[in-house]
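Asks: Read off the chains here:
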Amino acid sequence: MHKAKQESTHLTMFILGGVVLYFLSGMVDELRVYQGATIAVYVIAISSIILLTGYSGQVSLGHGALMAVGAYAAAVLRIEFNLPIILCFVVAVLAAAIGGALLGAAAARLSGPYLAGTTLALAIGLPSLANQFEVLGGEQGLLFDVGFPPLALGEEFTQYKWFFWIAALAALISMWVVRNLLNSAYGRAWKAGRGNEVAAQLTGINTARSKVLAFTISAGIAGLAGALLAMTIGTVSPSAFPLSLSFAVLTGAVLAGITTLGGVILGAVVLVIIPELADVIAHRLGAAESVTINLPGLIVSGLLILTVLFVPNGPVEQHRARKAKHSALLGGTHKKMQ
Amino acid sequence: MKALNRRKLITASAVLAIVGLASTAIPAQAAEVGVSSTQIKLGMTLPMTGTASLGYNKIPGAAKAYFDYLNANGGINGRKVTLIVKDDRYVPTEAVSKTNELILKDKVMALLAPLGTANVKAVASSVNPARRGVPVLFVNTGFSGFADVKKYPTTYAVLPSYIMEAKIMGEYIKENFAGKKIGLLYQDDDFGTDALAGFKAAGTKFAVTVPYASGSQNAAAAAGWITKFKAAEADVVILFGVSSATSAMLGVAAQLKYAPQWMLGSVGGDATTIKLTGVPAGVLYNAIGFSPVPATTDMKDEYVKFFSDIYAKAVPGSPFDLNVLLGMNTAFMTAQALKAAGINPTRKSLLEAIDSKGATFANSALVPAGYSKTSHVGLTGYWVGKYSPTGDLAPIGGTYVTYTTDSGSGPVVKSTYKRPAMPAKGLPN
Amino acid sequence: MQLLNTLLIGVTAGSIYALMAIAFVLVWRSTRVINFAQAGMALLSTYFGYEAVSRIGSFWVALPVAMIGGALFAALVELILMRLLVKHASSGPIAGVAPIIATLGLLGVIRSVISMIWGGQDLRIVAPISNDGFTINGSTLVFSPLKLLVLVVVAVLLLLLTILFQKTNLGLALRASAHAPEIARLSGVKVDSVRTLGWALAGAAGAVAGLFQTVNGNGNFSPDSIEFSLLLVSGFIAAVIGGLDSLLGAVIGGLFLGITISFVLMYVSSGLFFIAPFIILLLVLFIRPQGIIGVKAGRRA
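Protein chains in written order, with my numbering: chain A, 1 to 338; chain B, 1001 to 1429; chain C, 2001 to 2301.
No lab work stands behind these hints: they were computed from the structure.
A few of these clues could be false.
Unchecked claim - Derived Cβ-Cβ restraints for the label pairs, each shown as a range:
(1) C:Ile2279 / A:Val198: 41 to 51 Å
(2) B:Ser1375 / C:Leu2004: 50 to 60 Å
(3) C:Leu2004 / A:Leu202: 54 to 64 Å
(4) B:Ser1375 / C:Phe2134: 50 to 60 Å
Model, not experiment: these values are computed from the prediction.
Built from N, CA and C at the ideal position, the CB exists for glycine as well.
Just chain A, same shape as in the assembly (with noise of 0.2 Å):
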């Protein structure tokens, strides 16, 4: 009964955030709404993160490689066999899950350093492989559009607010989902299988399916977080998926605080405005050019250690403990004072 409740809350909520981005796509200029669709695209890839690393413990540093198989998939349905667009993603999905579950299925044996340097691997091979077949289209990638907003939208709607909308429609819906996940009973075995796999086991949880099953889905959504970003930059290429990508996601997760999927919107703004954020700043000192171009690396880089070593759980989660810590004091002096 009470679950049911608390469902329902969570289901108002997001409805509820789609309403306050729907008004706000129309608040901003065209720059924020584009800017709007890499966050939505950024947050889905990141909560694929935080259900893989946060919860079932696997690391990967090639996620931007399963970013790709989503992406080239849509855009391959798309040109081959134009499907409709809410196909291709669907697609996307399960290209990049299938994908996930063979690589699952090595992870599982693997773990800690040894997949995370399997992933690495990975991540600098396979965008390279669009080279060897042709319908792959190379270096210089496939287009992928996913068609013009439709007309009962209005004159004024312009291609980035329709990019804007179905991200963040697409990334409300997959944070629905992952955090359904994670408050059902996978979400409490990926965690036990995190926290003493031995004991896990002992409960009679089966640890290597599990792990392989995190692994699946993680790289479905970040499929789908690929066709997204395929979507905004209306192209796929070897070249939109470089390592960097894959350690973006993995550092937005860890500056989200990687362990719960709460601060996941503060991860993808955070690396959207840091560029941004930099440039100010590399002018206000006055910087040389060569401080200036790699003020956003260092200042992304420098956060990521501070966060792992001050705030290994995130800004909100520290802030929510901290809160959770306060009040119960409160509430002891209270007592005492009775």
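Guided by the hints, dock chains B and C onto chain A, whose structure is given.
Replies: Same frame as chain A, now just chains B and C:
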């Protein structure tokens, strides 16, 4: 007294503010985005950092050097040309978001010389400069597709295409190396597949072809390539790759005393860049090379002399190489396009100016450009030269022999093109 | 001849991977961490070496300068970053992945700072001895005095480190802290200092890898040198092939990887450069997950 003054001040500033508002409102229809009474804003995205940035990150400095010279000499009808440069790290996602910033936030009039086929394609698809009417001048890629007016109505190519280059190389091989065993090193992406298409059109047969993955070109890889060419006993080896591939290949060839007849493609054939990586000049000696613009060491050429003088003053100590020459040449052509676009240039008049007069713009290239209403093809050919004992590309026998062709099935012909003389003081006329 | 040259190409490339793999193993042994910043640290050491060469003019001075610089920097990283990590993030849900993320962050910091200090352009270190191939019966081999030197350096380093680990008290302490830190601590070993030393040794080995990778190429390097991302991945794979815990295994793993890649590129396709290491790694993990040399313990950290 004090209070009165303050009130006066407030009234005055309110009046100023209203005037200010009004003045921003009125000329909106008269002026063009990015064009004010004092300046014209242009934007450029290209890799300034990352593995793909080497060499290319000199282009903005080169273009700015020319624009600074232009601005110091009156600009374009009194307007100064400013160039805003953004780093895209050669990642399409970055290219799209940085181009959006240039168009939507910085409000540039036109985009200048964006680099890389994948990036330009992504920008064309997502940002869609064509729909916005934003000119994309002189894209820095040899992909032939950007000459297509229907697909990319506001985009202009400038470099001759890879297909043209391969066709001209094939023709030269037919004339000079008939019956020899030919080897080809190429990048296994579109850069290479375009080359293969060109060689096929020219009917060139290879004894051995060696593809390499972009980014894999290092000394160890080059040792492997050479081993393959040796095994196939190639007499002539064509290096159709980027300069790091050429450098790795020639450097290792020197160590292994491997000396076939080299033939270097223009993308990776800049002598200054190659020699800076430590390749001995002697290895380059007698290699055959191709370029659309004069040799960067040819100080008898009025353009080369003029550009290198400006560049030496603007960026002291930086070598004057092919990227610099091409960057300045692009800036020079842009200046002429802006001048030709009328007293109050608009995006539309700029496009019309290139369509109608672009083919006659003075510039350093030794081959004609093909701009018209129906085609945005850039330069259409190359001259063939040999590298000197000091490792510099120079025309054979002292005179530039040029060939022109197209990206389709058209023939390769010796060109009779006469380059227009440089306008006085290197300013657009 | 083609066969011999393919083998020689693989051996030289492999010996540099081996140096990097040794660095991975040393860090792994001392702190059970894979240092993803290892290639960044090698790059930084190469810049140290460059500064020495351009001031003093001798590669033979630059090499120890780079090694000492690399060792000091690595020790500093262990002292500050790794200890803070142990203090703040050794328990909790992300304890397992925290070191991976922290070293990745460090990689980014090193790269950005290098670009800020030295700029993005190519710098150059010239090889100390000739890299011209030996000529036998009129044909030139892909093997030179310099490449021979690289092999000798790898062998000497392996030998010295083996002696250090097997024959000295310090080595005993190093091994003890790696395998049973608590027991080692109880027997009076300063486990913390020993860990720092492990990192310092790795930093020095990485410096050698960086310098020789540079001079064995055309001598050019920049913050964005692709060579250094390759060093990271290849060194890691070589270390995994070797079992991650064994110095000899690291060397064998490096040579195995170098030779295999060389043959794949020569006889299958030279376009497989980036995907080949991944496939080799997957095959190794499936066929022999404990590595070529390594105890059968699975790939658990």
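Asks: Next, verify each hint and record whether it holds.
Replies: Comparing the hints with the structure gives:
Checking the proposed 41 to 51 Å range against isoleucine 2279 of chain C and valine 198 of chain A shows it is violated: the Cβ atoms sit about 33 Å from each other. In this structure, serine 1375 of chain B and leucine 2004 of chain C meet the distance hint of 50 to 60 Å, their C-beta atoms being roughly 53 Å apart. Taken as a hint, the range 54 to 64 Å holds for the pair leucine 2004 of chain C and leucine 202 of chain A, whose Cβ atoms sit roughly 57 Å apart. For serine 1375 of chain B and phenylalanine 2134 of chain C, the Cβ-Cβ distance of about 55 Å falls inside the hinted range of 50 to 60 Å, so the restraint holds.
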